[in-house]
Each structure stands twice: as C-alpha cells, then as structure tokens.
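Peer 1: When the letters of the sequence shown are read in order and numbered with the working numbering, they come out as residues 7 to 82.
If you're looking for bench data, these hints aren't it; they were derived computationally from the structure.
Fair warning: this is a prediction, and the values are worked out from it, not measured in the lab.
Note that beta-carbon positions come from the ideal geometry of N, C-alpha and C, so glycine has one too.
Be aware that one or more of the hints could be misleading.
As the list claims (entries may be wrong) - Beta-carbon label-pair distances, calculated as ranges:
id	residue 1	residue 2	range
1	9	48	28 to 34 Å
2	16	36	49 to 55 Å
3	23	44	30 to 36 Å
4	48	7	46 to 52 Å
5	9	47	42 to 48 Å
6	35	9	44 to 50 Å
7	14	48	41 to 47 Å
8	36	8	30 to 36 Å
9	7	38	46 to 52 Å
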Amino acid sequence: MSEKQFIRKSLSLWIKRGVLQQLIQIARNVKNILAVTDQHKQLWQGSITKSRDGQRSRDELIVLGVLEDTNIQRPK
C-alpha cells in the first residue's frame, strides 16, 4: 500500500467514524474560548468602548455576563 493510498484510507475511516467532524467541532470550541478570553482581556484593559449614548457596549455586556456566570472579579 502506497503512502497516498494509506492516507486516503485513513481519511475515509476518520470520516466514516465521525472523527473528522469531532476535530472540526473541537477547533470551533477552542476558537470560541479564545474569543471570550480576548474579550475578557480587552475589558480588563478598558479597551471596550461605551456606545455614543454612554451605555455599555454589547460586547461589554456579554463579557460582564460571562464574568458574573463564572464569578470572576473585574479588576478595579
């Protein structure tokens, strides 16, 4: 069996068993976790700006909700 055939056979098995789909889902989850982590960092650095009318931005409200859910204290 050539290397190409081996790779094709392995990939088809991964697809049949759903492993490839699981890896894609894991990658999406990691991407989402990193996005939330980045929002926390931005919030803590004060770089999320308030909207024109002085209300908190949508992103900041989302992050604050996450902080409350996880009981993470916002630095003062």
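Peer 1: With reference to the structure, classify each hint as holding or not holding.
Peer 2: Results for each hint:
Checking the proposed 28 to 34 Å range against residue 9 and residue 48 shows it is violated: the Cβ atoms sit about 45 Å from each other. For residue 16 paired with residue 36, a C-beta distance near 23 Å fails the hint of 49 to 55 Å. Under the hint 30 to 36 Å, the C-beta atoms of residue 23 and residue 44, about 33 Å apart, fit the expected range. Between residue 48 and residue 7 the beta carbons are some 51 Å apart, a value that agrees with the proposed interval 46 to 52 Å.
Between residue 9 and residue 47 the beta carbon distance is about 43 Å. The supplied range of 42 to 48 Å therefore holds. For the pair residue 35 and residue 9, the beta carbons lie near 31 Å from each other, so the given range of 44 to 50 Å is not met. At about 44 Å, the beta-carbon gap between residue 14 and residue 48 stays in the expected band of 41 to 47 Å. Between residue 36 and residue 8 the Cβ separation comes to about 34 Å, which falls inside the hinted range of 30 to 36 Å.
Under the hint 46 to 52 Å, the C-beta atoms of residue 7 and residue 38, about 39 Å apart, miss the expected range.
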